[in-house]
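With the sequences and hints as input, model every part of the structure.
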Amino acid sequence: MAAEVSAAAGEAASAAPFLRRYVARLGALRPGPDAGQAAGGESSRRTEIHLLFDQLISETCGPGGAAAAAETRPEDVCDLLVGACKLVQLNQEHLVNKVCQLIHHLLNRFQVIVDEESLKYLLPYFISALKQCSSWTHVEILQALAASVYNNGPKCQKYLPNLLGKNGLLVQFSSPAQTDIELKRAAVHSMANLCLSIPGQLHLEDPYRELCFQTFLSVLQSSKGSDVDDITFCMLLQNALKGIQSLLNGGKMKLTQTDQLGSLLAVLKKCMFHGLPGLNVEMPAILYPALLPQYDSSVSVRQEKSELSNFKPAGSRRKKPKAKQKMDKPEEALKEEQEYDRGGRREKPKWPGNMQQDPSLGAQNWSSKETCSLFLKDSLPWRNHAWKKISSSDSEYSDAEGGAQNKTRSFQAKVRQGALTCFLSTVKSIEKKVLYGYWPAFIPDAPGIGSPQSVSLITIALKDPSPKTRACALQVLSAILEGSKQFLCIAEDATDHKRAFTPFSVTVASSIRELHRCLLLALVAESSFQTLTQIIKCLANLVSNVPYSRLKPGLLTRVWNQIKPYIRHKDVNVRVSSLTLLGAIVSAQAPLPEVQLLLQQPSSSGLCDSGSTTPHHSGMSEWQGKAPQAPGEPPLTSESTPAEPCWLVRLCISLVVLPREDSYIDSDAGCLATVSVYEPSPVRLESLQVLTLLVRGYFAVSQSYLLELGEVACKCMEETDPSIQLHGAKLLDELGVGIVQQHKPDSAVPADQRVPVALVVTFWTRMLNGPLPGALQNSQHPTLQTSTCNALSSILPEAFSDLPDDKQILCITILLGLNHSENSLVKAAAARALGVYVVFPCLRQDVMFVADTANAVLSSLCDSSPNVRAKAAWSLGNLTDTLIINMELMGQSFQDEFSDVLLLKMLRSATEASKDKDKVKSNVVRALGNVLHFLQPSHIGNPRFSEPIEEAIQALISTVQSEATMKARWNACYALGNVFKNPALPLGEAPWTALAYNALTSVVKSCKNFKVRIKSAAALSIPGKRKCYGTPAQYSLIWNALIIALQRSEDTEDFLEFKYSASLRTQLCYALLHLLSLADEMDLPAIGATVAEHGQVIGSYMLQYMKSRVEDEESGIGENFLERDSILKRAIEHLRSIEELSGGCPMKRGAVAYLEDILETHNGSTALAEA
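Sequential numbering of the sequence shown, starting at 1, is according to our numbering.
Please keep in mind that the hints were generated in silico from the structure rather than gathered at the bench.
Ideal Cβ positions, reconstructed from N, Cα and C, are used throughout, including at glycine.
So the derived label-pair ranges between C-beta atoms look like this:
| # | residue 1 | residue 2 | range |
| --- | --- | --- | --- |
| 1 | P74 | M966 | 53 to 59 Å |
| 2 | A590 | E798 | 22 to 28 Å |
| 3 | S779 | A994 | 52 to 58 Å |
| 4 | F1058 | K915 | 33 to 39 Å |
Next up, the structure:
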């Protein structure tokens, strides 16, 4: 008998792994009855198969199944399932039902993805079964199909016509006409799993994707029938939401059509509130993008009037009566309900964080008037619900009914979570500019007087009883806010709005204020640590994108005061996110006057100091007295520290360097691999980040802690954690940059408020005596080397010259050595640092250092890394700037000392590098112009230099005429101007003269970028002698080009360029007058002809130029109002002298008379204005 054969096979395979024993037992059974087999034998075989399937399901469900899962191979599961299907004929419907149950169970139990070979048998089997078997088996078959195609959609292309074709099985079962809700749910589940694919694999073809999307959308738009079970309907919605999410996450589904996106957003908003107690949201079929809401959401609030009239805000609860009464009235139930949090725990009124531990703190930051006002204004009447709190004995439901209700609520919450997760995928898959058209539909606006607030993501964050759902809503809100700066920047309400209409800028500002208000309300009310973390992260995203300078002050103050207590929260994630929010505040459009005032608040304001979580600041000044006092400087103690220290600096320093004094909850354990005496690593890293941002945005506040912050950086670089080391180096870099910015010539900081140079010397001496040199040479940590290189380049030049000689040599030696690093990041940072050092006054006159730097930079200019070459090109530009400065200050002595061989090498290397990418080219052409300006007659007469000089000038001309970036072309025009400054070059005689002038005149007439035009006009006005302009024909071409450029100075397709048109006209007028002051007799006919033809237009521009009293920054002429008079007079005198020599030809006299008329008109208008 078959049973005996099966038993024998089972005993033989008992030593085999778990599933392989069953594979052997299945193989021992015959696949079907023989022609002559008795009916009793077939019945026995069926019974044995039933028992075998039941045994397999039972064993994998029990504890043994978990142990078996560890040793189970996916191929064994697939072999077993295929073998099981081969045993069951499609006419044996009960066995078909049972084998489908087995497939669904095993695939989910062992989390196996079916391989392609098994799919080739299973999918035809399921399709045939759906076509041949009775309808009562279809649900189980579809569930097995769904489990089999999970993550296998691309492998099912061959079978998609049968499943998703015009009359496909899944299309029929999921159609709106389908009345069996269980069958419809199973079909939608299978369709959703077909849409799921592993990243990098093929996706469903467009027609199938579109069909699935419309099916899911239709399901989500459908309403629940009266005979449909709530839980089944919830599962149907979940499957449809998962299907849409899979399509969106695949990356190929583009919601480009407005109706398609609007329909999806409408159903997602509806599902976001599915089953939320107290709400019944009615949505239109399609949401259309609009600046303002195009409809009023219809919100039905199912609440008793007694609940509304007796609602008591959480912040003003009355004391409980001594005698506990039976809650037989709605009012009493609501009062009792208000004393529970969302998790069902009874709680007393409490302040956030540790505020309840310090009564004085509550008095300072949460005055009773403000708090009551906040809660009376902000409380939302359906926040908590009595149905969650009444026990089964007090309710009208039995225990069984109560359990069913809880299960229903759980499934409804999963629908809301699925809708929010799908919405998050939608947000990530569409462009921001498209998304913000739907801003009013999901982001709250301040409600009008007497009108209820529309439902939004904030509604869920405040009212949903599920912490996970609230967290999902906050994640979506964060995703919408992320990168929204360009949209929110239009907000403005700094002035009171008193117009007949509300500008869009005011509407956006109102929405921003409402977001602040609601998120802060959620912050106070939240009890779940995970959701609390999401609220704070959402606030940080909001703060990072809001234009606070355009809004009335006060928003950041409220955020600041309410987040302070959470820095002491017992959950590490809440503490980290709180520091992230503080970092966002100090980096938001810094410096803001409001934040400046907040940083200067007393340290006791809003931050309780119980001593249990954050260490005291008393130990932080241990190193303060160790600083050697600089001669002539005040002591580095009381006078250099403000009367009221910045509490944020003190807090962050303590979190980084001082041991913690107590333990936290278990969530800290995941932050550190080993137990540490310090704060968890994420807290310390975020504190360092806040310090870095604070130094960057508010250096005036942090400069009093310069030495302490330096010690913090040193301590961090001495640690073994690479992340801590790196953040310490970044803090040091930011401190150095802050000092350099403060000491710049154009700095607005008064001299007596800057960090004294002697203190800066002390600071850097400590750094160089500490771990900084070791970190610079730590080749095992190249990222740290890169950051410390950047820090070393931020030394104040005035302080560098006062450092001990050995420290100066140490810095230079390390940087020259790191320039040969094998790591491209380190090499790029070293090349850049050398480019900074070479312009230091104390180093740029050292010929040996300049030569060493030149060799190092030229070596990096040939590196394979584009980043290294770009940094080297920038440094080469700085180095050649130094050559020009030294030539002007030191004269011939420096030029004689500098090596001719090195100069020739620089010329050739820079010419070759000008063919590189634009990032390299833009700085290399600057260097070429400087080198050509630096050349002496001895170099130009040297045959070795002849060809490199011509190639270098040709490189500049090519760049001017090329399609390179505007920065590269601007620098090339600037470089040609520098070439023209060298009197030793044969400008006007050399063959390249005409090419250079033609390039510049072409640009000055037609370049789209006005800055490039300005610089080309400036270059054309540099030659100081008439012979430099070449022949009269060449002079005429330049003159006519400038006239044409003047006439076109207002013609631009880009409105942004229009603001430079005045600067362009200024430079063009200056160039024209410069040419006139150099003209000779042969040039006058061309000038006269132009004056005769365009005299009126030229005259109007010239008068504007003469009247303009503003010195132009873009043109860089540097002339004042009086000098323009003298320039015009000098041109008139020069032309008159030519006329006297030529005998006074009328054509020639025309130019003089024309200019005299301009001067006379100008003088007359000036006299009239003064009168």
